[in-house]
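**Student:** One line per chain: the protein sequences are A and B, in this order. Heads up, the first sequence is in the working numbering, so the first residue is 6 and it goes up one at a time. Heads up, the second sequence is in the working numbering, so the first residue is 8 and it goes up one at a time.
In short, the hints are calculated from the structure, not lab data. Glycine residues also receive a C-beta, built at the ideal position from the N, C-alpha and C atoms. Mixed in with the good hints there might be a few duds.
Stated by the list, open to error - Coverage of chain B stretches by chain A, computed from C-beta distances (three or more under 8 Å per stretch; other residues unrestricted):
1) 170-178
2) 306-318
Said to hold, decoys possible - Label pairs and their in silico Cβ distance ranges:
3) THR277(B) with GLY262(A): 46 to 52 Å
4) LEU146(B) with VAL155(A): 31 to 37 Å
5) ALA326(B) with ALA61(A): 45 to 51 Å
6) PRO285(A) with ARG225(B): 33 to 39 Å
7) PRO168(A) with GLN335(B): 47 to 53 Å
8) ALA154(A) with ARG225(B): 57 to 63 Å
9) LEU139(B) with ALA154(A): 57 to 63 Å
10) LEU348(B) with GLY262(A): 52 to 58 Å
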Amino acid sequence: MERFLFLTLDGLSTGAVYAAFALALVLIWRAARLVNFAQGAMAVATAYVGYAVVAATGSYWLGLAAAVLAGLLLGALVERVLMRFVGHANPLGDVIVALGLVLLIQAVLGMVFGNEYRPAAAPFDTDGLTVGGITAISPYDLWVFAAVAVVVVLLALLFTRTPIGLRMRASAFAPEVSRLLGVDVNRMLTVGWALAAAVGALAGMLVIPTGLGLHPHAMDLVFVIAFTAAVVGGLDSPVGAVIGGLLVGLILSYVTGYLGPDTTPLAVLALLLAVLLVRPGGLFSGVRARQV
Amino acid sequence: MTQSPYATVDARPSPLRRLLPPPPGAAGPRGSTLLRHLVLAVLAGAAVVLLTNQLEPYRNLQVARVCAFLCVTAGFTILVGLNGQLSLGHGALMATGAYTVALVQRGLDGRDLRGQWSVPLSLLLAVAVTALLGLVIGLAAARLRGPYLAGVTLAVATLVPAVTTIFTGVFNGEQGLPFPVATPPAFLGAYFQPERWLAWIALLAALLTMLLMANLVRSRYGRSLRAVRDDEVAARLAGIHVARTQVLAFVVSAGCAGLGGGVYAVLTATVASGKFPLELSLFLLMAIVIGGLGSLAGAVWGALLLVALQDLPALLTEAFTLPGGLAQRLEGNLALAVFGLILIVVMLVAPGGLQDAVRKATARLGRRRPRPSR
Chain A
6 MERFLFLTLD
16 GLSTGAVYAA
26 FALALVLIWR
36 AARLVNFAQG
46 AMAVATAYVG
56 YAVVAATGSY
66 WLGLAAAVLA
76 GLLLGALVER
86 VLMRFVGHAN
96 PLGDVIVALG
106 LVLLIQAVLG
116 MVFGNEYRPA
126 AAPFDTDGLT
136 VGGITAISPY
146 DLWVFAAVAV
156 VVVLLALLFT
166 RTPIGLRMRA
176 SAFAPEVSRL
186 LGVDVNRMLT
196 VGWALAAAVG
206 ALAGMLVIPT
216 GLGLHPHAMD
226 LVFVIAFTAA
236 VVGGLDSPVG
246 AVIGGLLVGL
256 ILSYVTGYLG
266 PDTTPLAVLA
276 LLLAVLLVRP
286 GGLFSGVRAR
296 QV
Chain B
8 MTQSPYATVD
18 ARPSPLRRLL
28 PPPPGAAGPR
38 GSTLLRHLVL
48 AVLAGAAVVL
58 LTNQLEPYRN
68 LQVARVCAFL
78 CVTAGFTILV
88 GLNGQLSLGH
98 GALMATGAYT
108 VALVQRGLDG
118 RDLRGQWSVP
128 LSLLLAVAVT
138 ALLGLVIGLA
148 AARLRGPYLA
158 GVTLAVATLV
168 PAVTTIFTGV
178 FNGEQGLPFP
188 VATPPAFLGA
198 YFQPERWLAW
208 IALLAALLTM
218 LLMANLVRSR
228 YGRSLRAVRD
238 DEVAARLAGI
248 HVARTQVLAF
258 VVSAGCAGLG
268 GGVYAVLTAT
278 VASGKFPLEL
288 SLFLLMAIVI
298 GGLGSLAGAV
308 WGALLLVALQ
318 DLPALLTEAF
328 TLPGGLAQRL
338 EGNLALAVFG
348 LILIVVMLVA
358 PGGLQDAVRK
368 ATARLGRRRP
378 RPSR
């Protein structure tokens, strides 16, 4: 029972990070109808920037701000320089360009920083607090929950309460009509990519201290898991991404806790296949007409 | 229903046209396609055999590696280029073939049942096992599209280290499985270069794959694959079973990947999970895209690229004397960065890849030549 409680809390904590990362994927999917396969590599790149600032200034918070800022810039850059020019003659074009970006980013990171794990310090203690004889949640887990919750609330406010959020939703759902009504759809796309990359950067900064450290490939598996989370929730639904992230975090925590850490990729694949074959739109998709 | 903000008017030709017989009077292919491909394969094989006689052992191993990769890229380019299904899990399929070869050869060796036939037998089993796995993945893939399929196959690619560690009794975890080297048969003489023999094995596998794929592309199935890629609804209206065609494409390309992985294992006489990382699947995709998606000649370019990607780093560090730390960082990464960049540029600027560029260049040369007057 004690172990179950521990695994539950641990799963919710890692799930919160997956939720943030899945949210970044959903943001781009809603804005541009594509899955950004370079999300993981972009997040790692911004995390390197963040930890370089941490090393230079000694302040984790400055580093975090730098990472998020770098995410905003990188996301806008990728959209303006690359994704905007992907032709649509080949429907696989955006995935392939994103994968080329993955190779490029990881190789450049390897050249600049080396292909070894670099330690990444957490701002809070990652050991669990002991309450009444039970090892429970750690201060770092609490920080992760708080950070993800703030991001989710801010995004929700942005999309539902601000004019720019309204424009972004409009250009995602009816680009032609929005353009006719005077919305700069292209700029909204850039903003969407920048936002998504910034959320991804935050998720990267949150997840890297819990793993082996900074490495060009540190987010490879995290990306696959976050993709699963986004698919579980439905790529169209931000709420679904958050719930899907927490759900996937919980499931993986139980699987690794009871069956061993090597089973994680198997569990991810099984979960992904199960959701896609049984409920392809995700658990939170509404009923909709079949697209032909 | 939302639509892509990038969406443009779709001006593809109807896929149905591809299914029709050529109009009367059109210049049809002369003679039998199979015969023509067979002659080409024999000529190419003879040329490479002559080449291997001149090469030193290391170069012969390079030739062999190109041939092993060619088996994979030929099948892969048919899946991605001709059928439009994006798989990021072909590295895992290569691993399946390689492990099958290792397990079969070790099993035969343990029972003192070794002979010249054990290599072809193990390769055949590798193809069968991998094709079976491809069938399983393909059945799921036929229901998935675009990014969903890419995501699922990416999850498959992450499986290799996990599976080899979980079933460590069978696959021996990260250490992997060594098995006996394929030695040249006695009738070639005692001093026959072993690397040349390995190159011949790989060459035979590659030629066989290319021959089969070239005929598949030109056959009714090849036309169905393209029709399904271009427009599923139209293909279905034309009487093509879409799901079955997609599964077939996956099975064929998985079999090729299994053969390539198996040959690759034979070359090194060992197999370990570290040789099939997640990036291998990305490298394969990069190779066929830069080579030219959907073109078998492009697959040859791709196979050459993959070997170049493996061997360029060593060349670079030999050519330039760099300080130790920098050399270590550049090794591997520099070539990868360049190829990653080329991949992006090719996809944005020249989606036809190298093969398309070569074709256009030769066409231009041909046009400049004065035409004989009739």
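**Student:** Indicate, hint by hint, whether the structure satisfies it.
**Tutor:** Now the hints, each set against the structure:
no., hint, in the structure
1, 170-178, "holds (count 3)"
2, 306-318, "violated (count 0)"
3, THR277(B) with GLY262(A): 46 to 52 Å, "violated (34 Å)"
4, LEU146(B) with VAL155(A): 31 to 37 Å, "violated (43 Å)"
5, ALA326(B) with ALA61(A): 45 to 51 Å, "violated (35 Å)"
6, PRO285(A) with ARG225(B): 33 to 39 Å, "holds (35 Å)"
7, PRO168(A) with GLN335(B): 47 to 53 Å, "holds (52 Å)"
8, ALA154(A) with ARG225(B): 57 to 63 Å, "holds (59 Å)"
9, LEU139(B) with ALA154(A): 57 to 63 Å, "violated (47 Å)"
10, LEU348(B) with GLY262(A): 52 to 58 Å, "violated (42 Å)"
Checked against the numbered hints given earlier, this structure breaks hints 2, 3, 4, 5, 9, 10; the rest are met.
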